[in-house]
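Novice: When you get a sec, could you build the whole thing from the sequences and use the hints?
Residue numbers (this note's numbering): 670 to 814.
Just so you know, the hints here were simulated from the structure itself, not pulled from any lab data. A hint or two may mislead.
Label pairs and their calculated CB-CB ranges [said to hold, decoys possible]:
no., residue 1, residue 2, range
1, L695, D802, 25 to 33 Å
2, I705, Q746, 34 to 42 Å
3, F781, R708, 18 to 26 Å
4, I707, S734, 21 to 29 Å
On a predicted model such as this, the values are computed, not experimentally measured, just so you know. A virtual CB, placed ideally from N, CA and C, is assigned to each residue, including glycine.
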Amino acid sequence: MRASCSHCTALSVARELKIPGLQQLLDRFFERPDNIAIRYGIRFEEALESELLATLGGDMQKPSSSDPADTLSLMEQGVPVIYQGSLRGGSGGIEFSGRPDFLLRDDYIFEFLDVGLTARKIHEDFSGYTAWDAKLSKTPKVDYQ
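Specialist: As structure tokens, this is what we get:
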């Protein structure tokens, strides 16, 4: 939540401090965003997930929960493609958390084939993962490839 007034700042700080009862109060006012762009984006991601499952089988997995430990476990197992993993980290006093659409081992590349999206191993030197976000667009954009 970005705070633009003192009331919003207080709510934001209280939420980060996990003040009891605050989340239930805020949830009463939350409306899940729903528009055509969101629906098409969700459908697009689900299609990519289905294609990867069809082409990779067990080499594409989704963590069992949103706990970053579940994602880390899949990474430690060396799963080539992780869908909707949760990450947490940071530098200094700044914490980062996020949910990339895909985590791809750095010894693999994504490829679009006639059967759909897949991932192919390109070398033997595995040293980590790269986060990928799926974006629905009418045309490919060089900056996102």
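Novice: Each of the hints needs a verdict: does it hold here or not?
Specialist: How the hints compare with the structure:
1. Between L695 and D802 the beta carbon distance is about 26 Å. The supplied range of 25 to 33 Å therefore holds.
2. I705 and Q746 have their C-beta atoms about 38 Å apart, which keeps the hinted 34 to 42 Å range intact.
3. A beta carbon spacing of about 23 Å between F781 and R708 agrees with the range 18 to 26 Å that was offered as a hint.
4. Separation of I707 from S734 is about 23 Å and conforms to the stated range, judged on CB atoms against 21 to 29 Å.
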